[in-house]
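Number of protein chains: 2
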Amino acid sequence: MSVPLRLSRGQAKARTRNRLLAAAAEVFAEQGFAGASVDEIASRAGHTVGALYSHFTGKDELFLTLFDEHAAHRLDGVEEIASQWEEDQTVFVALGEYLAEIADQHTVWSTLEMEFLRYALTRPELLDRLAARWWAPRTAVARLVAPHCAAHDPVAVSTAIIGLFEGLVTQRRVDRAAVPSELFAEALRWLTAGLAHSSGPAAANTPQPPRPACRETGRKRTRRTS
Amino acid sequence: MSVPLRLSRGQAKARTRNRLLAAAAEVFAEQGFAGASVDEIASRAGHTVGALYSHFTGKDELFLTLFDEHAAHRLDGVEEIASQWEEDQTVFVALGEYLAEIADQHTVWSTLEMEFLRYALTRPELLDRLAARWWAPRTAVARLVAPHCAAHDPVAVSTAIIGLFEGLVTQRRVDRAAVPSELFAEALRWLTAGLAHSSGPAAANTPQPPRPACRETGRKRTRRTS
Chain H
1 MSVPLRLSRG QAKARTRNRL LAAAAEVFAE QGFAGASVDE IASRAGHTVG ALYSHFTGKD
61 ELFLTLFDEH AAHRLDGVEE IASQWEEDQT VFVALGEYLA EIADQHTVWS TLEMEFLRYA
121 LTRPELLDRL AARWWAPRTA VARLVAPHCA AHDPVAVSTA IIGLFEGLVT QRRVDRAAVP
181 SELFAEALRW LTAGLAHSSG PAAANTPQPP RPACRETGRK RTRRTS
Chain B
1 MSVPLRLSRG QAKARTRNRL LAAAAEVFAE QGFAGASVDE IASRAGHTVG ALYSHFTGKD
61 ELFLTLFDEH AAHRLDGVEE IASQWEEDQT VFVALGEYLA EIADQHTVWS TLEMEFLRYA
121 LTRPELLDRL AARWWAPRTA VARLVAPHCA AHDPVAVSTA IIGLFEGLVT QRRVDRAAVP
181 SELFAEALRW LTAGLAHSSG PAAANTPQPP RPACRETGRK RTRRTS
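Chains H and B are the protein sequences, given in the same order.
First residue of the first sequence: 1, per the UniProt record's numbering; consecutive thereafter.
First residue of the second sequence: 1, per the UniProt record's numbering; consecutive thereafter.
Source of the hints: derived by calculation from the structure; they are not laboratory data.
Here a beta-carbon is modelled for each residue, glycine too, at the ideal position from N, C-alpha and C.
Just so you know, not all the hints are guaranteed correct.
[What the hints assert, rightly or not] Interface residues of chain H toward chain B, partial, derived using beta-carbon atoms under 7 angstroms:
# : residue
1 : S37
2 : V38
3 : L164
4 : D175
[To be verified] The calculated SDA-like cross-link candidates involving lysine to any residue, where the alpha carbons are at most 25 angstroms apart (straight line), are:
# : chain 1 : residue 1 : chain 2 : residue 2
5 : H       : K59       : B       : F56
6 : H       : K59       : B       : Y119
7 : B       : K59       : B       : Q84
Produce the entire structure from the sequences given, and follow the hints as far as they go.
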């Protein structure tokens, strides 16, 4: 055990917060999002449930804060690779490898994300918070790809790239042979080559500005729910 | 009540099977995959649990059979639209609208799929069955796009298209404004324009033949599981 240091009030607060987040990450990884309890997270962090609630509104916010950390971490990696965007071929290979690595290594996290999404889908307030969160990586990728978007809306391109990545990750988790790691790079290459060689959006397709937490409120009623 | 008809043994068997599937679809929609019980499904169908088990190995197989029905139904729609592939622009608009419609209307089903996938991820035997199932839509889309793939592997292109679609659906469910329905068509256009204007795969990227139920068995150990 290290000798306890005298911490300022701010330092002590930050330490408690970090301990709670680290404990939440552990408990989520072990028990899933649904299975984790705030009691267990607080006790794992060496704090009371009261202390937990003085830092976070609950399990949802602990998860969303961890989400921010993961998103920032992933994006650092993407930005580092994209900074060499000039040498096209190499960049795609490097980016594809990085994405395949995320697909293969962050399996616990992606399972948690899936559970959380499932849980948020029936909770409109939480879904709004998740939607706001998803704008950060979307606008960051849009900024990266903007110089390569020709006449197309960078936010739309970013949304497609993220969609492509997430959709390939899901398929690769179910069936690794179906999604060779090179496919991440190949598919990105097709998409970006297509941007250069296709005309701009039709008039009806006005680019959506990045408006955090701004979902369409009046969702159309579904005709079928099968 | 209709007057009971005298059914052949085969007809009676088929009717029981269909009733069980219809009941399963209802109970899954109401209670989710995790919440549904075989008792409830059997009783809703007007049969015993024993009868259920004489037709299906359990809840998993009921879900997988419903999955097949949904996949076949979706694919019929895609094939109908793709049969007019010649008139490029119109086809993409029609295909995009169809995909956006699936995204918006099949919300109960896509939530069930998400739950089932989450459940299957920790059950290798079930994951293999799901992986085998996913090859059917993949090879069907590959067949459709093959004439438009230039030097690229149609199965890889199909995998990317399905990934793109699924990734956009997920984002649209969280944030409809972030994924305008036109984006499905736009992104498909970029991808297919890119196929025509990019070179074939690198030598290392040998096309994967469609091998149902043939996942790589020796999965690499993950370095991190964060």
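Going through the hints against the structure:
1. This hint is violated: H/S37 has a C-beta 18 angstroms from the nearest C-beta of chain B, more than the 7 angstroms allowed.
2. Hint on H/V38 is violated. Least Cβ distance to chain B is approximately 21 angstroms, over the 7 angstroms limit.
3. A hinted interface residue such as H/L164 counts as satisfied when its beta carbon comes closer than 7 angstroms to some beta carbon of chain B; here the least separation is about 5 angstroms, so the hint holds.
4. The interface hint given for H/D175 holds, since its Cβ lies 4 angstroms from the closest Cβ of chain B, which is under the 7 angstroms cut-off.
5. Distance check on the hinted pair: H/K59 and B/F56 sit about 38 angstroms apart at the alpha-carbon level, beyond 25 angstroms; violated.
6. Under the criterion of a C-alpha separation no larger than 25 angstroms, the hint pairing H/K59 with B/Y119 is consistent with the structure, at around 21 angstroms.
7. Between the alpha carbons of B/K59 and B/Q84 the distance comes to roughly 39 angstroms, so the proposed pair goes past 25 angstroms and is violated.
In this structure, the earlier hints numbered 1, 2, 5 and 7 are contradicted, and the remaining ones agree with it.
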